[in-house]
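Novice: The primary structure of each chain is shown beneath.
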Amino acid sequence: MSEEQIRRIQLIIEAALLAAGKPLNLDQLRELFSEEERPARQVMEHALSQLEQACEGRSYALCKVSSGYRFQIREDYARWVGRLFEEKPQRYSRALLETLALIAYRQPITRGEIEDIRGVTVSSNIIRTLMEREWVRIVGHKDVPGRPAMYATTRQFLDYFNMTSLEQLPPLSEIRDLEEIGREVEQKIQAEIQFDDPKSVPEDGDDDTGDDHNESISGTVH
Amino acid sequence: MSEEQIRRIQLIIEAALLAAGKPLNLDQLRELFSEEERPARQVMEHALSQLEQACEGRSYALCKVSSGYRFQIREDYARWVGRLFEEKPQRYSRALLETLALIAYRQPITRGEIEDIRGVTVSSNIIRTLMEREWVRIVGHKDVPGRPAMYATTRQFLDYFNMTSLEQLPPLSEIRDLEEIGREVEQKIQAEIQFDDPKSVPEDGDDDTGDDHNESISGTVH
Amino acid sequence: MTDDQQVQENSESQTPEATQVASDTDTPDVASVARVAGQPVKDLPQDLYIPPDALAVFLEAFEGPLDLLLYLIRRQNMDILDIDVSEITRQYMDYINAIEAMRFELAAEYLVMAATLAEIKSRMLLPRQESEDEEDLDPRAELIRRLQQYERFKKAAEDLDELPRMERDTYATSAPLPRLPQSQVHPDVELKDMLLALRDVIRRADLFTSHHVEREKLSTRERMSHILSCLSGDRFVRFESLFTIEEGRLGVVVTFLATLELVKEQLIEVVQGEVLGSIHVRARAAN
Numbered sequence: 001m002s003e004e005q006i007r008r009i010q011l012i013i014e015a016a017l018l019a020a021g022k023p024l025n026l027d028q029l030r031e032l033f034s035e036e037e038r039p040a041r042q043v044m045e046h047a048l049s050q051l052e053q054a055c056e057g058r059s060y061a062l063c064k065v066s067s068g069y070r071f072q073i074r075e076d077y078a079r080w081v082g083r084l085f086e087e088k089p090q091r092y093s094r095a096l097l098e099t100l101a102l103i104a105y106r107q108p109i110t111r112g113e114i115e116d117i118r119g120v121t122v123s124s125n126i127i128r129t130l131m132e133r134e135w136v137r138i139v140g141h142k143d144v145p146g147r148p149a150m151y152a153t154t155r156q157f158l159d160y161f162n163m164t165s166l167e168q169l170p171p172l173s174e175i176r177d178l179e180e181i182g183r184e185v186e187q188k189i190q191a192e193i194q195f196d197d198p199k200s201v202p203e204d205g206d207d208d209t210g211d212d213h214n215e216s217i218s219g220t221v222h
Numbered sequence: 001m002s003e004e005q006i007r008r009i010q011l012i013i014e015a016a017l018l019a020a021g022k023p024l025n026l027d028q029l030r031e032l033f034s035e036e037e038r039p040a041r042q043v044m045e046h047a048l049s050q051l052e053q054a055c056e057g058r059s060y061a062l063c064k065v066s067s068g069y070r071f072q073i074r075e076d077y078a079r080w081v082g083r084l085f086e087e088k089p090q091r092y093s094r095a096l097l098e099t100l101a102l103i104a105y106r107q108p109i110t111r112g113e114i115e116d117i118r119g120v121t122v123s124s125n126i127i128r129t130l131m132e133r134e135w136v137r138i139v140g141h142k143d144v145p146g147r148p149a150m151y152a153t154t155r156q157f158l159d160y161f162n163m164t165s166l167e168q169l170p171p172l173s174e175i176r177d178l179e180e181i182g183r184e185v186e187q188k189i190q191a192e193i194q195f196d197d198p199k200s201v202p203e204d205g206d207d208d209t210g211d212d213h214n215e216s217i218s219g220t221v222h
Numbered sequence: 001m002t003d004d005q006q007v008q009e010n011s012e013s014q015t016p017e018a019t020q021v022a023s024d025t026d027t028p029d030v031a032s033v034a035r036v037a038g039q040p041v042k043d044l045p046q047d048l049y050i051p052p053d054a055l056a057v058f059l060e061a062f063e064g065p066l067d068l069l070l071y072l073i074r075r076q077n078m079d080i081l082d083i084d085v086s087e088i089t090r091q092y093m094d095y096i097n098a099i100e101a102m103r104f105e106l107a108a109e110y111l112v113m114a115a116t117l118a119e120i121k122s123r124m125l126l127p128r129q130e131s132e133d134e135e136d137l138d139p140r141a142e143l144i145r146r147l148q149q150y151e152r153f154k155k156a157a158e159d160l161d162e163l164p165r166m167e168r169d170t171y172a173t174s175a176p177l178p179r180l181p182q183s184q185v186h187p188d189v190e191l192k193d194m195l196l197a198l199r200d201v202i203r204r205a206d207l208f209t210s211h212h213v214e215r216e217k218l219s220t221r222e223r224m225s226h227i228l229s230c231l232s233g234d235r236f237v238r239f240e241s242l243f244t245i246e247e248g249r250l251g252v253v254v255t256f257l258a259t260l261e262l263v264k265e266q267l268i269e270v271v272q273g274e275v276l277g278s279i280h281v282r283a284r285a286a287n
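Each protein sequence line maps, in turn, to chains A, B and C.
Start counting the first sequence at 1; every next residue gets the next number (this note's numbering).
Start counting the second sequence at 1; every next residue gets the next number (this note's numbering).
Start counting the third sequence at 1; every next residue gets the next number (this note's numbering).
Careful: at least some of the hints might be erroneous.
Subject to a maximum C-alpha distance of 20 Å in a straight line, what follows is the list of computed EDC-like cross-link-like pairs (lysine to aspartate or glutamate) [said to hold, decoys possible]:
hint	chain 1	residue 1	chain 2	residue 2
1	A	LYS22	A	GLU52
2	C	LYS192	A	GLU113
3	C	LYS264	A	GLU52
4	B	LYS88	C	ASP169
5	A	LYS22	B	GLU87
6	A	LYS22	C	GLU167
7	B	LYS22	C	ASP169
8	B	LYS64	C	GLU167
9	B	LYS64	C	GLU247
10	C	LYS155	B	GLU113
Examples of chain C residues lying across from chain A (beta carbon under 8 Å, computed) [said to hold, decoys possible]:
hint	residue
11	VAL85
12	ILE88
13	PRO178
14	ARG204
15	GLU222
16	SER232
17	GLN272
18	GLY273
19	VAL275
20	LEU276
21	SER278
22	HIS280
Quick caveat, the hints were computed from the structure, so don't treat them as lab data.
Positions of the beta carbon are idealized from the N, C-alpha and C atoms, including for glycine.
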């Protein structure tokens, strides 16, 4: 069989695999040809290996999977292309946000304690999600029956919310007045920025207002 | 930008078009890249034309249709690929094709207007089929009694028939200007009736020429 | 759709007579009879007899009266503009009569066209009434206009059918992505959303339970977590090692308060082997 004929078979296989949208095995590929011109299996295999070589330097490769041959995007390019299909992540549930907030404000805290405050059980999913996201970690186990894990927030949690320390969270008393929250957070971040400038460091010895002094402990508790 | 970088962009585009399984336009392709490394439109276009060339000698070609770029099997190989599918390529009835042609060339058009030109009622089946295939959609309702729906073609219609815009529709055959027809007919009638009434004067009182002057189809109705 | 396809298929798979008629419609010019001195021969005998089976197919092969008229005109190699109304009308009526005689259901449009043709024919026989003509459309010009218009879109439909199209002349291509390590995409969270959620918890807690999330120095709680995480494992740690001198006085205070809180909550154990000896701490649960 001439090179040209092999090449023709190779291109027919290429077209079929690209159009089929599913793997095709050798028999299915041979079915493309009428009986008189159906290439022998060896010929088909030869054409397939030629095709495999032809794909070098392309973004896809000829792969053999259990149900047959198919073209598959090479991993190098799959990463780029994956962006096409990235689904917009779903939003977190209220329950998850409440759990996260309680861990942030009441750490170290056990799941049972969160449940006591929230008045409902906390699903394992929520804890797993928070741990997978690395916003929450186990810092120890409480010495009570069952030895429940105690959860605390992480540096990644602070990083995500652009904080250097939990001190920058608004005090609980102000949370009830939500209009304040945005401004509160703004101010704290503002204050933080000012600390970078040595001249603007406020010098007051009031120990009771930890909020104003968090530069001294910020960033060290990780 | 180096040849190598262009080639890399070219391969990313190749991977994306194959993975997407549907046409992608220039903006969608550029979205694959992060903002810092997003190639300029000209660079993308250059890469696309390189890619088009790279496909020479392959069983598929890079084509531009209405909703973007796609790879499609070359006609030479379509015959082989057709054997993959048990169903024969669908044939469309004259009634459907004539209705579709009228919508394509005369959009927006009501069913009544289609019936006027075809001289026969348009079955609801045909309209339903065209809508189900997403070749045709309702773009509004005509402000006449009954407020009939006005139909227009879609991007999918253009994609299916391998066009980038309605301007690529085959030109409508020439039609003689109605006034001209009127004159000719008048003359003939004149000649015929002169035996009866030699004094009668030819007239062309037919002003209804609107139908014959909207050959220029805009490509913007999507 | 199925109806229409049915028609298409019917017209292709019929008795020889039917096929003959159907193919006539596809190539009317070829089917036109011999020409004598450049003039087409009229009065085609085969017009007058159509086998009943074929008639239904024949009728379905036309897209309506305009299509039928075009066929009759083309078969005589006439230009639309040169219609011999009398002859066309006669032939048209022959078909209609044959179809009606077979009791096939005939679309109303065919009868309307018959009336139009009859009107044109009669007008041509009568002397013209100028007063009427000023208002009426000349029915013959109107018919010609409609025939031209229809023929044009009939052609456009044929052209459309010729365009290379998907699933016949070309096919879409695709190649799947390999299975990649799952890169999870996380939802975005606004700090405000978390605080809003907390507000609701506090409100509920205030209402339904005795637990109050009281105002707390977060620096202390944060430090409690930190100390606990340092105490993992079954080892006593020197109390002093919990303090970082570089943090200054306030840092020492925070650590000390956190330690006291941990003791109070029975989370850590503090031991002192001898008076004034070194203090060691360990997590109570650690073992």
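Novice: LYS64 (chain B) and GLU247 (chain C) were given as a pair; does the straight-line alpha-carbon distance stay at or below 20 Å?
Specialist: violated (65 Å)
Novice: Let me know if the C-beta of LEU276 (chain C) comes in closer than 8 Å to any C-beta of chain A, holds or violated.
Specialist: LEU276 (chain C) check fails; min Cβ-Cβ to chain A is 28 Å, beyond 8 Å.
Novice: Classify the hint on ARG204 (chain C) as holds or violated, based on whether any CB of chain A lies nearer than 8 Å to its CB.
Specialist: At 6 Å from the nearest chain A Cβ, ARG204 (chain C) passes the 8 Å test, so the hint holds.
Novice: Answer holds if the nearest beta-carbon of chain A is closer than 8 Å to that of SER278 (chain C); otherwise answer violated.
Specialist: violated (22 Å)
Novice: Between the alpha carbons of LYS155 (chain C) and GLU113 (chain B), is the straight-line distance 20 Å or under?
Specialist: holds (18 Å)
Novice: Given the hint that LYS264 (chain C) pairs with GLU52 (chain A), does the C-alpha gap stay at or below 20 Å?
Specialist: violated (70 Å)
Novice: Need the status of pair LYS22 (chain A), GLU52 (chain A): alpha-carbon distance at most 20 Å?
Specialist: With Cα atoms ~17 Å apart, LYS22 (chain A) and GLU52 (chain A) stay inside 20 Å; holds.
Novice: Less than 8 Å between beta-carbons is the criterion; does GLU222 (chain C) satisfy it with respect to chain A?
Specialist: At 4 Å from the nearest chain A Cβ, GLU222 (chain C) passes the 8 Å test, so the hint holds.
Novice: Quick one, are LYS22 (chain A) and GLU87 (chain B) close enough, alpha carbons at most 20 Å?
Specialist: holds (17 Å)
Novice: Verify the interface restraint on ILE88 (chain C): the C-beta must sit less than 8 Å from at least one C-beta of chain A.
Specialist: Not OK, violated: ILE88 (chain C) not within 8 Å of chain A, min 49 Å.
Novice: Given the hinted pair LYS88 (chain B) and ASP169 (chain C), is their alpha-carbon gap at most 20 Å?
Specialist: holds (12 Å)
Novice: Is the shortest C-beta separation between GLN272 (chain C) and chain A less than 8 Å?
Specialist: At 19 Å from the nearest chain A Cβ, GLN272 (chain C) fails the 8 Å test, so the hint is violated.
Of the numbered hints listed earlier, those contradicted by the structure are 2, 3, 9, 11, 12, 17, 18, 19, 20, 21 and 22.
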